[in-house]
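Heads up: the protein sequence lines correspond to chains A and B, in order.
Numbering-wise (the numbering used here), the first sequence opens with residue 443 and increments by one.
Numbering-wise (the numbering used here), the second sequence opens with residue 17 and increments by one.
Careful, some of the hints might be misleading.
As the list claims (entries may be wrong) - Reference excerpt, derived from the structure (chain B facing chain A, CB under 10 Å, subset only):
| hint | residue |
| --- | --- |
| 1 | 85 |
| 2 | 130 |
| 3 | 131 |
| 4 | 153 |
No lab work stands behind these hints: they were computed from the structure.
Predicted, not measured: the structure shown is a model, and the values here were computed from it.
All C-beta atoms, glycine included, are put in the ideal place defined by N, C-alpha and C.
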Amino acid sequence: MRRAAAVAAALALALAAAPAAAVTQRTSLVAIEQQVMCVTCGIPLQEADSVAAQQEKAYIQRLVSDGDSASEIRARLVAQYGVAVLALPPDRGFNVAFYLVPIAAVLLALAIVALLLPRWRRNRSASSAAGDASLSASDSARLDADLARFDD
Amino acid sequence: MRRKLVPAIVVAAAAAAVAVLVYGLTQQGTSRALDEALAAGRRPAAPQTTRLMPALDRVGRAQASLAHWRGKVVVLNFWASWCSTCTAESALIEHAERQLAASGDGTVVGIDYKDLSSDAQQFIGAHSLSYPNLRDIDGSFAAAYGTDALPETFVLNRLLEVIAISRGEITQQSWLTHWIDAAARA
């Protein structure tokens with residue numbers, strides 16, 4: 443009897459949670475606007491107000507109202523407008539450069555620093571050593587005399 | 017060896033980055049090669065004539081390319097349902113289609129640009145357009161014609177060579193009639 447009640451309670455909880463999960467998967471016009479471009483103006487849709495942008499927004503709102511998820515809406519937008527509608531292009535073909543070039547630039551910068559830093563340090567220590575060696579005999583004698591005076 | 021290799025790699029990487037940048041910039045620019053060729057007295061071949069595009073209606077197949085109409089005069093009209101001047105121009109374009117259909121010389125081919133297919137279908141119905149229309153989904157076909165604003169119209173002869181360009185709304189039926197006649201004779 444107690445087990446049956448527990449199962450019933452678990453079932454009731456699961457049934458209650460299902461619509462909640464469905465609700466959390468739903469998206470909004472504002473969320474999608476941040477992920478797509480105005481196809482005719484080349485700026486993020488959330489900043490666009492052209493007639494074509496209004497058409498895109500109305501279409502997204504219709505899909506949101508129909509209960510489509512964010513990924514479904516993005517796929518429908520690509521089918522209508524091509525991949526250029528996505529703010530972040532898919533990582534295929536030439537678009538891979540969009541992701542690789544910044545990484546390559548950072549790696550290149552780090553490599554340059556790693557190469558130049560030891561050389562810069564070497565040059566600095568060499569110049570300071572050269573600075574010591576450049577004391578003339580009279581300056582060296584005067585330095586020794588000054589140091590000896592401090593020792594006294 | 018190492019002393020030369022590292023600068024070489026750095027220079028190569030920098031050159032690659034510049035090449036990517038230049039490629040990106042050239043892809044964004046609007047080409048006026050067709051206009052320049054016409055101005056120089058040439059008849060440039062229409063770009064991308066074999067490229068298949070989804071058909072909206074009246075083509076009898078799911079996809080078609082301009083090559084489908086080779087041997088006919090083609091009035092290529094770029095439009096979109098969200099373009100108000102396309103609405104204003106549509107009656108003149110439809111009149112040109114009836115003129116071409118009556119003479120048997122050719123057809124208007126509409127290219128719906130960066131548009132929703134459902135809105136495009138509505139536009140066709142609302143303006144009673146009787147000519148075939150294809151969808152240039154991402155605008156890359158239009159880009160090959162240097163089109164980045166709507167409407168734009170290109171008159172092609174039977175060899176699918178460009179003989180006239182209207183960048184902007186056509187306001188005079190006489191412009192279409194003149195160039196359709198010229199294309200039929202060419």
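Going down the list of hints, with the structure as the test:
1. 85: Hint violated; residue 85 (chain B) Cβ to chain A Cβ min 24 Å, cut 10 Å.
2. 130: At about 5 Å, which falls below the 10 Å cut-off, the nearest Cβ of chain A leaves the hint on residue 130 (chain B) intact, so it holds.
3. 131: Holds - the Cβ of residue 131 (chain B) comes within 10 Å of chain A, reaching about 8 Å at its closest.
4. 153: holds (5 Å)
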